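J.: If you're matching them up, the sequences are chains A and B in order. Using our numbering, you'd call the opening residue of the first sequence number 119 and step up by one each time. Using our numbering, you'd call the opening residue of the second sequence number 6 and step up by one each time.
Calculated directly from the structure, the hints in this document are not laboratory data. Be careful, since some hints might not be right.
[Claimed, not checked] Dumping the calculated DSS-like pairs for lysine-lysine here, alpha-carbon to alpha-carbon at most 25 Å: (1) Lys-117(B) with Lys-49(B); (2) Lys-181(A) with Lys-84(B); (3) Lys-84(B) with Lys-160(A).
None of these values were measured; they are calculated from a predicted model.
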Amino acid sequence: VQLVESGGGFVQPGGSLRLSCAASGFGFSAFDMHWVRLVPGKGLEWVSSIGATGDTSYAASVKGRFTISRENAENSLYLHMNSLRVGDTAIYYCARVRWGGYYDDWGQGTMVTVSS
Amino acid sequence: DIVMTQSPLSLPVTPGEPASISCRSSQSLLHNTGYYYLHWYLQKPGQSPQLLIYLGSNRASGVPDRFSGSGSGTDFTLKISRVEAEDFGVYYCMQGLQTPYTFGQGTKLEIK
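With the rest of the complex left out, here is chain A (with noise of 0.2 Å):
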């Protein structure tokens, strides 16, 4: 299994960036996927959810901001993010959801820094 994050980087407040997460070493297309951040000097935080099928779900703080997405023929997680604050200054990780709940394999995450 490995799942590989792309597309942080620096951006200034109001913008946007696209991450994704290429997955491989496994059936994609029958697992549902995460995105979790770790804040720096905080602690991690669940950012967004997408469905085997397709339903999503989104932290309250990036709700009307973030989009999740899949496309199970490429093998890929998006994380399309809109309106940026210095408060998404974050690493995001992409993460594979196992039945129970839990994270069983992470990405090695991809930094994204919002700043003036």
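Once you have looked at the hints, place chain B on chain A.
T.: Relative to the frame of chain A, chain B by itself:
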């Protein structure tokens, strides 16, 4: 949202000594399958989190048997029987019962 509260937030430990971390949830984590949807992770500096314990008490693949998880209802504990140098980092509990999934604040296990 389910609130997860860990204690202590900092835990200085001498290698070879035991360690224990407590995690409390604001509501029961018992799923109707009979399992507790409470999980433990360790994050070392510069690394991704790694799964230690899932469903309250099951060690993940490759996790040494010095790690154990227990608890029920809203109170859970992670124990390390004898801390080794590779165990230092930040430990998180997490509930996977309902979205938003929520994490404890993290417990930093430090060398004493």
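J.: Against this structure, judge whether each hint is valid.
T.: We went through each hint and held it up to the structure:
Distance hint between Lys-117(B) and Lys-49(B) is fulfilled; the C-alpha atoms sit about 17 Å from each other, no more than 25 Å. Distance restraint check for Lys-181(A) and Lys-84(B): the Cα-Cα separation of roughly 36 Å exceeds the 25 Å cut-off, and the hinted pair is therefore not satisfied. At most 25 Å may separate the alpha-carbon atoms for a hinted pair to count; Lys-84(B) and Lys-160(A) meet this at roughly 23 Å.
In terms of the numbered hints stated before, the structure departs from hint 2 and from no other.
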